[in-house]
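Enquirer: Take a look at the letters that make up each chain.
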Amino acid sequence: MPIVLEHLTHTYQPGSAMQATAVKDVSLTVQDGEFFCIIGHTGSGKSTLVQHMNGLLQPTSGRVTVNGVDLADKKTRKDIRRQVGMLFQYPEYQLFEETIRADVAFAPKNLGIPPEQIEEHVRKALDKVGLPYDEFAERSPFELSGGQKRRVALAGILATNPSILILDEPMAGLDPASREDILTLIQRLNDEGTTIVMVSHSMDDVARLADRVAVMNGGELFAIGTPDEVFSRSEELLAMGLDVPHAARLSAMLRARGLPVPKGLYLKEQLRDYLVDLYSKKHRSGNA
Amino acid sequence: MLKNITLGQYYPTDSPVHRLDPRVKIVLTLAYVVLVFLVTNWLGYGFLLLGIALACALSKVPPKYLLKSLRPLRFILIFTFVLNLLFTGGREVWLEWWIFRITAEAFYRAAFFSLRMLFLVAGTSMLMLTTSPIALTDGLERLLSPLKALRFPSHELAMMMTIALRFIPTLWDEADKIMKAQMARGADFESGRLFERAKAMVPLMVPLFVSSFRRADELAMAMESRCYHGGTGRTRMRVLRLKWQDLFAVAVLAALFAATVIWG
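For the record, the sequence lines run as chains B and G. Numbers 1 to 288, taken from the working numbering, label the letters of the first sequence in order. Numbers 1 to 264, taken from the working numbering, label the letters of the second sequence in order.
Pulled out of the complex, with its shape left as it was, chain B reads as follows:
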C-alpha cells in the first residue's frame, strides 16, 4: 500500500509570532515494499514530514493518503496506526511498563488486536528482534542495556504486524554492534515485504540499503531518486552541508583533482574496482 503525499505543507503555530513552516509543498509517493530513505539537515523537515505518514500531524495544506485512505479522516486513525508502525528517535525513552511483555503488548492492546492473539504477537515480535520471549518477557525493560532497550521498543512497534515501518534515525547513539544488529533486522523486514521509510544521517547505510532516496533541504524536497541519481549530485549535497557516502566524497575529491572518476560511484566496492582498473590500465600504458 503506497504512501502518497500531495503538496504537503506544514506550518507550526500558524498565526503566532513563532510561526514556522517546516515542510513546504512536498509531493512524493512511497511504493509498496520499497526501502525509502530520507536525508537532510537537522531542521530540514524530515521528522515533521514522516509524522504525517501515520496521522500524528495533519498537513496545514495538502493531502496524505495511505493505500487510498485519506489520513485527515479521524475514524481510520486506529487502523492506519496499526498498519503504519512508527519508531521515533531514541525510542527506548518511551518504555514505561513493568515487564517487557506488557510494554510490547501496549500497541496491540490499543489498536484492536483480539486479546487472545496478543500473547502470540508479543512472542513473535520479541523473537524477531532477537530477544527470546521465554528469557525476556517477564523482565523489566529498565534493567536492559541501551541496545536491548531499543530492540524492545522496536518489538513494541512490530507487535501489530505493520506493513509499513517508519523509522526516525533508528541507529542514533548505538554502539557499532547494536547498529549492525538493528540494520540487519530492518533489512530482513524489508526483504520479507515490509515497506520501510527511514530517516537517517548515515549516508553509507542509505547508499547500501535504499531503493530510493529523498533529500530535504529547508523544508523543501531538494531531490528524489535512486541512490545512483542522488549521490551522483554529491557536489551539490556537499555544498548544502550534507554528508555523502565516504566513497562518493572520495570520488568527488578525486574529480576535483582532475581524475576522470565518473559520477554515481557511491559504494566503496564500486570505487575500489574502478580505481584498481584505472591504475592497472595506466600502469600498463606507462610500461608500454
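There may be inaccurate statements among the hints.
[Unchecked claim] In silico PhoX-like pairs for lysine-lysine, Cα to Cα no more than 25 Å straight-line:
#1 B/Lys-128 with B/Lys-109
#2 B/Lys-75 with B/Lys-128
#3 B/Lys-124 with B/Lys-109
#4 G/Lys-199 with B/Lys-109
#5 B/Lys-281 with B/Lys-268
#6 G/Lys-199 with B/Lys-75
#7 B/Lys-78 with B/Lys-128
#8 G/Lys-199 with B/Lys-74
#9 B/Lys-109 with B/Lys-78
#10 B/Lys-263 with B/Lys-282
#11 B/Lys-109 with G/Lys-243
#12 B/Lys-24 with G/Lys-243
#13 G/Lys-177 with G/Lys-199
#14 B/Lys-74 with B/Lys-24
#15 B/Lys-124 with B/Lys-74
#16 B/Lys-75 with G/Lys-177
#17 B/Lys-75 with B/Lys-124
#18 G/Lys-177 with B/Lys-78
#19 B/Lys-74 with G/Lys-177
#20 B/Lys-281 with B/Lys-263
#21 G/Lys-60 with G/Lys-243
#22 B/Lys-78 with G/Lys-199
#23 B/Lys-282 with B/Lys-268
It is worth saying that the hints were derived from the structure and are not from the lab.
Mind docking chain G on chain B? Use the hints.
Expert: This is chain G only, laid out in the frame that chain B set:
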C-alpha cells in the same frame, strides 16, 4: 499540541522598565502592594491608575497584554463583587428582593474591593511582564541574601528556581515527543472519562519521570565536574548595579506614595 505555551507572562522587549534592576522592581512592587491597601478613596485609585498607565507606556508592553493578565481573575472578581454587594448592610436601599437588599454603601464597597484586587494583580503583572524569570530569581537571590546570616539558603533557592525554569521548555518538548510516540502505539490522550484519562497518562508520566531523573543526574554531574559548590565565594557574570533610572523609578513611586497618603 503542547507548543502553545509561554513561560510565565514575560513580554520580551527592550524598554526602560525592562532594564530596571530586578531588585528595585521587586521592592517597588512590594511597596506598591502596600500602597494599594492604603488607598481609601477614588482619588487614590486615580493615582494608582496613573502609575500603572505610566509604567505600561514606558515598558512598551501592549495594554492588551496587561488586560489579558487580569482575565484569570474574572471569576473571583465577580464572586467578591456579588458577595459584597449582597451582604453589606447600609441605609440607602436601592433594591430589595426576597432576602437580598442592595444598598448604595454595598455597591461602593463592592466596587472598591474589586478595584483593589484589580490593581493588586495589575501591579504584580507589570513586574512579571517586564522581568524575565531569570532576572527575577537573580533579584530575589540578592534581596534574600541578608537572610543568610539566619542560615536561610537564598542562593540554593534561587539556583533551584533557575534550574526549574530552565528545564520547563525541555520537559515540554520531551512530553510532546513521548506523547507522539505513545500515540503512534495507539495511546489515546484525548477521549474517555476522567478516570480513563488519568490512567492514559501513565505511559506519558513514567517515561517523563525516568528522563527527568536522568537529566537531574546528568546536570548534577556536569555541575560538580565544573566545581560547583554552592554560593560561597561565587562571582557573577552580570553584576547588578543601581543606575539613575532605578533611582528615578523609586522617586516616581515615592511621589505616588506621598500623594496617596495625603489625598487618597
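Enquirer: Can you name, in rising order, the numbers of the hints this structure does not satisfy?
Expert: Hints 2, 11, 12, 15, 17 contradicted; others consistent.
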